[in-house]
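The residues making up each chain are set out below.
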Amino acid sequence: MTHDHSHPHDHHHHEHADPSGQDGSVPSSALDSSVPDAHLSPGELGRRNFLRRAGVMGAGAAAATVLPGMVEPAAASDLVSRRRESRGGYQWLAGDHHTHTQYSSDAQYRVVDHVQHAAAFGLDWMVVTDHGSVAHAKIGVEKVNPDIRAARSAFEDEVLVFQGLEWNIPAAEHGTVFVHPGRNEVAVLKEFENLFDGSVNNTSDNTPANELKALEGLDFLATAIKSERIDDALFLANHPARRGVDSPHEVRNWRDRQPRIAIGMEGAPGHQAAGIPKPFGAGAGRGFYDNPPSANSFPGYPPESYVTWGGFDWMTATVGGFWDSLLSEGKPWWITANSDSHSVWLDQVAHGPGSDFNAEGRYRDPVHASTGPAMTAGDFWPGYYSRTHVGAKRYSYAAVIDGLRAGRVWVDHGRLLDELDVRVRVAGSGDSGVTLGSALQPSRGRQLELVISFETASLPNWGQFVAALAKVDVIRGSVTGAAGDRDTISAPNTKVVKTFDVSGRTGQVRLTFPLGRADQPFYVRLRGSDGKRTQVGLGGAAVDPAGPAVDVLGNADPWDDLWFYTNPIWVLPRR
Amino acid sequence: MIRAIALDEGWTTTTQAEHATFDQVSVLGLRAVLACTHFLPSSGGRPPRVAVTLQAAEPGDDPVLGQVATLRSAGEDLDPLLAAHVTGRSGRAFVFPGMAALDRIVTVETLVSTSAVDDVVTLGGTAARSTDRIDTQNFLRPEFTAGRLVLRTRPSVGVDLVPFEQPHPTPCCASHN
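Sequences listed follow chains G and B, in order. The first sequence begins at 1 in the numbering used here and counts up by one. The second sequence begins at 1001 in the numbering used here and counts up by one.
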């Protein structure tokens, strides 16, 4: 029996593998506990994992190179252990802050349906975000909590489960609000929803009074933290450009009002299956982005902002666009990628018989539907397609919140990458520099470099193929200070400055890009793709020669158009 | 004789405004020749809303657009809207000459040559090719921009293009099942 060792075996499921190694010998690197898992080939790693399961190597072997106190829980599986290894001081925990359950009027699943899928599909954390509504504020926000607490204990070592809310932001879109678990988590969320949800209070219209209500909602959360009712809370804007109702000044106002709570937005919306062609898919816009402007829309947004580009929201996908305009101001504002899972494509379930959502605040537990697969459903399970990777100091609720707040975050679709580490440092210094979300403050005149280390996908994704990264783009923009016009949506100095062709590269890859001498403040961020669909960006070829292509209405196979994006690193030279 | 009329009755959606306009025109015994929606921002304590401007003819008339004999508006606020409408400076048209025949798949060339639409563009602002096929889905909502009536489109499955504005967009918080 011969094996190509470069082939990415699904070693996770090969329980019957030959303990002596597939070729009759155990490579020394697999046994050498000083070699971290990340440095092993897929075949070697598979063998090491087998040896761990067989008790030949202790779980601690993987921790030989990590800092004390960061060893993962012993109960977690080998794949989870490997994922949770500390790299550069951080465990990169994948998650999803946008999911809906039977406590949403347009959804159906139990909490545990999402949590066990999240665990199976490789997530470390997730947030339950049922829609704010009269029924939810009255009943659902309380009733969902025991389900969440049960899932927390059943999946304690596998998935951190936050309780949150999909807030109807007054005068704007939806947003995720979630809190650190604790004895007041329900009370605070319930009070928040009753006081500040746009649907509950009929404050969704785009008026100055309603815009103020949104800011007061953020103040409420800040007070709840300050008064120690809850340990922590975050807010992120969901599908921000979908209907044009998150105006640029509103986003700036949220962030500036409570910068520790209002931290970012979905770079990519959920509903990524919505563009799969009929008759086997919904045949809609990817992300269900197919709405025209309305009376509540910001008139300055172009038609291009109402559709997705390579699965990403226009605010993020446009180089030199709205997101870059915030980064150019030096405003921390982070991006994420989530499932927004309500109804999973091709799933076969129905609401429990006798359900009365308004009376009971929930649908009864879903049952198997004999009506065939849900071909017009547009969603994936958490972790199946979209992942938000957070650099956390440990596996804990607080550390995930801290990592999100710090912007140590990158996102991908279809498991495009296994690992990513991005650093900006003084060139040749050998020090580790700073990572995503941070700012390097070098002395003026120092030579700087960007170091990108990544590991290509070693396992198949949930589309059953190994995603292949084709290119990595470095995007750079000037930091020019506060915008005079708070409705600014462009950053004219931001552009793609380098594209690395990495097609055919596998395993660990390290790329270095010189950033010149420290002089004026700037930021860099990364983006990469499988190279399958690109077009000249909205700012022209000089800005973005091969950016994401506009998604085709009714024909957007999400598996054939994969991207990753990182949050920025700033360089702020000392004067 | 063509009358130009502006209506601002607190409609919250374009669909609502369009249906109400047809009802009103019918009650007045008129025929809409060109009708547009306009988004009005929140002002004076009123929420954002949709207003309508239209040019309507009496039965039997053979109207020529732009030759407006009578202007009617509900108030001073609407006069600028009406002026913009008559000169083609703003408005999203839901009735325009030639619209009725464009109910299926047509080429860009046919669409432009047989209707009041002046230009067809794709997302990103580029012009469509004259041979591109558009599935109108019997729902065209071109917009006036600098005096020209422009239909914005996006790439789609099966044909080359579909209108950017779709007849049945996914409702917010819909059950997607």
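Misleading hints may appear alongside valid ones.
As the list claims (entries may be wrong) - If you only want the chain B side, here are some residues facing chain G, beta carbon under 8 Å, derived:
1) Phe1039
2) Gly1044
3) Pro1047
4) Val1106
5) Gly1124
6) Thr1126
7) Ser1130
8) Gln1166
9) Pro1169
Stated by the list, open to error - Partner residues are not named here, just some residues of chain G that face chain B (Cβ under 8 Å, in silico):
10) Pro181
11) Ala284
12) Asn291
13) Asn296
14) Asp485
15) Val550
In short, the hints are calculated from the structure, not lab data. It should be emphasised that the depicted structure is a prediction, and the values quoted were computed from it without experimental measurement. Beta carbons are placed, not taken as given, at the ideal position from N, Cα and C, and that holds for glycine.
Hint numbers not upheld by this structure, sorted from lowest to highest: Hints 2, 4, 6, 7, 10 and 14 not satisfied by this model.
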